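K.L.:
What follows is each chain in one-letter form.
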Amino acid sequence: MKIKEGFILRSVGSENVVVAVGEQSRKFNGMIRLNNTGKFLWELLKEDRTEEFLADELVANYDIDREQATADVKRFAERLKEAEVLA
Amino acid sequence: MFNIELAGVVITVNNRYPAVEKLCREYITHETASSAFTVEVSDEQIDREQSVGDFSRGYCESVCIYREIVKKIPKYGVFFLHASVVEADGVSYAFMAKSGTGKSTHTSLWLKHFGERARIINGDKPLLRFVDGQLYVYGTPWCGKEGYQINTSSPLKALCFLERGEKNSIRRLNDNEIVNRLFHQVIMPENASDMEDFLKLLDRTVKEVPMWLLTCTISDEAVVTAYEAMSKETQK
Numbered sequence: 003m004k005i006k007e008g009f010i011l012r013s014v015g016s017e018n019v020v021v022a023v024g025e026q027s028r029k030f031n032g033m034i035r036l037n038n039t040g041k042f043l044w045e046l047l048k049e050d051r052t053e054e055f056l057a058d059e060l061v062a063n064y065d066i067d068r069e070q071a072t073a074d075v076k077r078f079a080e081r082l083k084e085a086e087v088l089a
Numbered sequence: 003m004f005n006i007e008l009a010g011v012v013i014t015v016n017n018r019y020p021a022v023e024k025l026c027r028e029y030i031t032h033e034t035a036s037s038a039f040t041v042e043v044s045d046e047q048i049d050r051e052q053s054v055g056d057f058s059r060g061y062c063e064s065v066c067i068y069r070e071i072v073k074k075i076p077k078y079g080v081f082f083l084h085a086s087v088v089e090a091d092g093v094s095y096a097f098m099a100k101s102g103t104g105k106s107t108h109t110s111l112w113l114k115h116f117g118e119r120a121r122i123i124n125g126d127k128p129l130l131r132f133v134d135g136q137l138y139v140y141g142t143p144w145c146g147k148e149g150y151q152i153n154t155s156s157p158l159k160a161l162c163f164l165e166r167g168e169k170n171s172i173r174r175l176n177d178n179e180i181v182n183r184l185f186h187q188v189i190m191p192e193n194a195s196d197m198e199d200f201l202k203l204l205d206r207t208v209k210e211v212p213m214w215l216l217t218c219t220i221s222d223e224a225v226v227t228a229y230e231a232m233s234k235e236t237q238k
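Each protein sequence line maps, in turn, to chains A and B.
Using the working numbering, you'd call the opening residue of the first sequence number 3 and step up by one each time.
Using the working numbering, you'd call the opening residue of the second sequence number 3 and step up by one each time.
A few of these clues could be false.
What the hints assert, rightly or not - Quick list of simulated restraints, FRET-style, between CB atoms:
#	chain 1	residue 1	chain 2	residue 2	range
1	A	7	B	182	23 to 33 Å
2	A	41	B	135	45 to 55 Å
3	B	117	A	64	54 to 64 Å
4	B	168	A	68	28 to 38 Å
5	A	37	B	14	35 to 45 Å
6	B	27	A	76	57 to 67 Å
7	A	68	B	219	50 to 60 Å
8	B	221	A	49	51 to 61 Å
What the hints contain is simulated information worked out from the structure, not anything from laboratory work.
If you're wondering where the values come from, they're calculated on a predicted model, not measured in any experiment.
Cβ coordinates follow ideal geometry from the N, Cα and C atoms, glycine included.
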């Protein structure tokens, strides 16, 4: 899975927001907010990644165990799928 | 076709119906050479706007025209906020709220409280722009049903979200609390580079301009609560 073309992540104040541009903006109206872990995963998802890879990266970079990382990635991916952000 | 100047930006409006030119009459300029961009809307856009409510095509065109202006103008350092902006003693305050909360009612109370010391710069759809490190609000012809608008500019000291409550209180909001609220009061560009410019302006505003949450009743005390807090504090 990876992020579709036409979504950009920027900061507004101390917050991370994702908005749609170009063609995507016709379908996706609004914005998604990400915490810092979400931002970390988003940056990785600019390339095609598996959930397993993302969970490994979380374990390597954050103070969480493998089980928690897998659950976090699953939840994050579900949320992005619901928003139709993933290709 | 005619040219208007909004927040220091000259815009060419290529209209189909006379209503929009009439609406814009106080903002018309004859400096044709310096037009930053042209806006026009299609019959289809007007049809879509008309399907939302039973309004004339001319009115619907004017709504569509402004939406197009708002999407293109961030490139020129200007952005739109859905707010009622009141000036007191030469300094302005922008109030934002979910529709029906009563932001116009609140700013009207400022007029009552301050008399000649206050005026409403724009009741609903102002433009904002940073000039020499200070955020300014600018009047526009689009201004909500009360028709409060003045073709002028004024330094904007604070932004305030408004909620109705049993008592009057005001507090500062942090970035986390601001972002969702603020995105409900904007119109986002579609084009990628316009979006970049727009987000930079929002980012700067969140970083530099104090933002508040006013919980209030419909009363003079609500005005005093808001004014006392916002007029004193200068630090972001």
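K.L.:
Next, verify each hint and record whether it holds.
P.N.:
Results for each hint:
1. 7/A / 182/B: 23 to 33 Å: 26 Å, holds
2. 41/A / 135/B: 45 to 55 Å: The hinted range 45 to 55 Å is violated for residue 41/A and residue 135/B, with Cβ atoms some 29 Å apart.
3. 117/B / 64/A: 54 to 64 Å: 58 Å, holds
4. 168/B / 68/A: 28 to 38 Å: 50 Å, violated
5. 37/A / 14/B: 35 to 45 Å: Between residue 37/A and residue 14/B, where Cβ atoms are some 44 Å apart, the hint holds.
6. 27/B / 76/A: 57 to 67 Å: Between residue 27/B and residue 76/A, where Cβ atoms are some 59 Å apart, the hint holds.
7. 68/A / 219/B: 50 to 60 Å: 53 Å, holds
8. 221/B / 49/A: 51 to 61 Å: 57 Å, holds
In the structure shown, a violation is registered for the earlier hints numbered 2 and 4, in ascending order.
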